Amino acid sequence: MPLLQVNDLHVKYGNVEVIHGIDLTVREGEIVSILGANGAGKSTTLLAISGIVRPFKGEIRFRDVFIHKLPAHRTVELGIAQVPEGRRIFGTLTVQENVNLGAYVRRDAAETRKTEQWIYDLFPVLAERRHQLAGTLSGGEQQMLAIGRALMSQPRILLLDEPSLGLAPLLVRAIFQTLKEINASGVTIVLVEQNARAALKLAHRGYVMELGRIVIEDSAEALMANAEVEAAYLGGSGMEEKQG
Amino acid sequence: MEQFFQQLTNGLAVGSIYALIALGYTMVYGVLKLINFAHSDMFTLGAYLGLTLLTSLALTDHIGPLWGTVVLALMVMGLVAMVGALLDRVAYRPLRESPRLSAVVSALGASIFLQNTVMLIYGARYRVYPHDILPRVALDVFGLQIPLVRILILCASLTMMAMLYIFIQRTRIGTAIRAAAIDQGAARLMGIDVNRVILMVFLVGPALGGAAGLMVGLYYGQINFTMGWGYGLKAFTAAILGGIGNIPGAMLGGVLLGVVESLGAAYLSFAWKDAIAFCVLILILIVRPTGLLGERVAEKV
Ligand SMILES: Nc1ncnc2c1ncn2[C@@H]1O[C@H](COP(=O)(O)OP(=O)(O)OP(=O)(O)O)[C@@H](O)[C@H]1O
Ligand SMILES: [Mg+2]
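From first to last, the protein sequence lines are chains X and V.
Residue 53 in my numbering sits at position 53 of the first sequence, and the numbers go up by one each step.
Residue 249 in my numbering sits at position 249 of the second sequence, and the numbers go up by one each step.
Mixed in with the good hints, there may be bad ones.
[Claimed, not checked] Covered by chain V, per the in silico footprint, the following chain X stretches (three or more residues, Cβ under 8 Å):
| # | region |
| --- | --- |
| 1 | 62 to 76 |
| 2 | 84 to 91 |
| 3 | 97 to 107 |
[Unchecked claim] Just a few of them, taken from the derived set where beta-carbon distance is under 7 Å, the chain V residues facing chain X:
| # | residue |
| --- | --- |
| 4 | R96 |
| 5 | E97 |
| 6 | P99 |
| 7 | L101 |
| 8 | A179 |
| 9 | A186 |
Just so you know, these hints were derived from the structure itself, not from any lab.
Bear in mind the structure is a predicted one, so any value in this text is a computation, not a measurement.
For glycine and all other residues, C-beta sits at the position ideal for the given N, C-alpha and C.
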C-alpha cells in the first residue's frame with residue numbers, strides 16, 4: 001500500500017476550480033518532486049494534503065486513513081508535516097519556541113528531546129541561536145528552522161513547498177543535502193520546487209503540473225532527459241551544451 | 001502630596017480594572033483579528049451576576065468577607081467564561097469562513113442582545129451592591145490611609161495578570177495561543193487545533209472581564225446595565241494604547257490610562273477626565289502608531 005495516495009483531487013477557491021482532478025502516489029521512503037510553473041497548483045495540492053484547504057471532490061488516503069475530510073491538526077497527528085511556502089516561521093517567538101511548537105502534537109517528552117537533539121545536530125546554527133527571536137534569523141536560517149520545526153512532529157512524510165526560494169546556490173545545496181539525510185533516516189519526502197534541476201537530482205520520481213493538472217509523471221532521470229521538461233523547467237540549455 | 005498618592009492609588013486600581021477588560025479585547029483581536037464588541041457585556045454581566053450571587057448566597061456571612069469574596073469572584077468568572085464560550089459558539093464560530101464584516105455585525109448584534117437581556121432581567125435603574133461585604137476600613141500604607149477595597153482590587157488584578165502572563169508564556173496551550181495570533185495557517189500546520197485556541201481565548205477573556213465587573217460593583221457600590229459602554233471604550237482604548245494583540249501591552253495600557261485619567265481629573269479638570277484619556281491615546285499613537293508595545297519584528301522574506 002502506498003504511503004500517500006491522491007485520487008481525482010479537485011480544489012476550488014470560491015467558485016474557481018484550480019485543481020482539476022489530479023492523481024499522485026507516494027511510496028514509503030521515496031523522495032517525490034512536484035514541478036510546475038507559477039500558479040500551476042503545487043502549493044494548493046500540498047495544502048489539500050495537509051487539510052488546510054478542503055478538496056471539492058476526490059480522495060486523499062494516508063496509509064489506511066482517508067484524510068481529505070480531516071482538519072489540519074489531525075493530519076499532523078497522523079504523521080504529515082509541512083514546510084510551507086514562504087517558511088511561515090513565528091517571527092516574534094524565539095527559535096526554541098518555534099521548535100517546541102513543532103512538537104505540539106507529540107506527548108512523549110523523552111522522545112521529543114531526542115528529536116530536538118537530532119534537529120540541532122542537523123542544523124547546528126539553530127542551536128546557537130535558540131534564544132534569539134526567529135524573525136531576526138537570516139533567510140537561510142529561517143528555512144532551516146522551518147524544516148527543523150516540521151521535523152519536531154516526527155512525521156512519516158514531510159511536504160516541502162519551495163525550500164530553495166531566495167537562497168544562495170551554496171545554501172540550497174547544503175539544505176538539499178540535509179533533505180537527503182532526513183530521507184535516509186526514514187522520512188518520506190514530497191518536494192515542490194521551481195529549482196527543477198536540484199530537485200530532480202535529489203528525487204526518485206517526479207510529477208510536472210500545469211494549470212491544475214498533472215501532465216507528466218516519471219522517474220527523476222527520465223524527467224531530466226525529457227525534452228519538454230528540459231525546455232520548460234531546466235532552462236533548455238542542456239541539449240545545446242551536449243550538441244555543441 | 002496626600003492627594004497625589006490617593007489619586008495615584010485610585011488610578012492604579014481603576015487602571016488595573018481597565019487592564020483586565022482590555023486583555024479580553026486584545027486576546028480575541030490577536031487570534032481572530034476581530035473586535036469583540038460584546039466583550040463589554042461580559043463585564044456588565046460579571047457585575048450583575050456578582051450582585052445576584054452576593055444577595056442570594058450570602059457567602060460572606062458564611063465564610064468571612066475575604067474568602068467569601070474570593071469564592072464569589074471565582075463563581076462569577078466561571079459563569080461569565082461559559083457565556084463567553086457560548087458567545088463564540090453562537091455568534092462567531094458559524095462565521096469563521098465569512099468576510100470579516102459579517103463577524104463585526106454579529107458582534108454588534110450580540111452586544112445589543114446581551115445588554116438588553118441584562119436590562120430585561122435586572123431593570124434599567126441603578127442597582128446597589130450591599131455595602132457591608134468588605135469591611136469599610138482604610139489601611140495605613142506608609143502613612144497613607146488607603147481603603148481596603150482598593151488594595152484588594154489591586155492585589156487581585158495583579159495576581160490575575162501575573163497568572164495570565166505565566167499561562168501565555170509558559171504553557172503549551174499558551175504558546176499555541178501566541179502562535180495562532182501570529183500566523184493562524186502556520187499554527188494549524190503545527191497541529192494546533194485553532195478552534196480550541198479560540199475557545200480558550202473566549203473563556204479566559206470573559207472570565208477576566210467578568211471579574212472586572214465584580215470589582216467595579218465592589219469599588220463603587222452601584223451598577224447599571226449601560227456600564228459596559230464606558231468601561232468597554234476605556235479598556236479598548238487601553239488595548240490600542242498598549243498595542244492591540246499584545247498582552248503585556250494591554251496590561252500596561254490599562255494601568256497607564258487609569259493613572260493618567262485619575263491624576264488628570266484631580267489636577268486638571270474632572271469634567272475633562274475622559275477627554276484626557278483620549279488625548280493620551282492620540283499623542284501616543286502619533287509617536288508610536290503600533291501602540292506602546294505593539295512592535296513586531298519584521299520577518300525576512
Ligand atoms: N487563497 C487563494 N484564493 C484564491 N485563489 C488562489 C488562492 N491561492 C491560490 N490561488 C490560485 O490558485 C492557483 C494555484 O495556486 P498555487 O499557489 O497552488 O500555485 P503554485 O503552483 O504553488 O504557484 P507558485 O509556484 O507561484 O507558488 C493560482 O491560479 C492562484 O492564483
Ligand atoms: Mg506555490
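Status of the hints after comparison with the structure:
Counting residues of the region 62 to 76 of chain X whose CB falls under 8 Å from any CB of chain V gives 4; the rule of at least 3 is met. By the rule of at least three residues with a Cβ nearer than 8 Å to a Cβ of chain V, the coverage given for the region 84 to 91 of chain X holds, with 6 such residues. Three residues within the 8 Å Cβ limit are the bar, and the region 97 to 107 of chain X against chain V gives 6, so the coverage statement holds. At a threshold of 7 Å, the smallest CB-CB gap from R96(V) to chain X is about 12 Å, leaving the interface hint violated.
For E97(V), the interface hint is violated, the least distance from its beta-carbon to any beta-carbon of chain X being 10 Å, above 7 Å. With 7 Å as the threshold, the beta carbon of P99(V) stays out of range of chain X, its nearest partner Cβ sitting at about 12 Å, so the hint is violated. Because the beta carbon of L101(V) sits about 17 Å from the nearest beta carbon in chain X, more than 7 Å, this interface hint is broken. With 7 Å as the threshold, the beta carbon of A179(V) comes within range of chain X, its nearest partner Cβ sitting at about 5 Å, so the hint holds.
At its closest, the beta carbon of A186(V) sits 4 Å from a beta carbon of chain X; the interface hint therefore holds under the 7 Å criterion.
The structure fails to meet hints 4, 5, 6, 7 from the earlier list, while all remaining hints are met.
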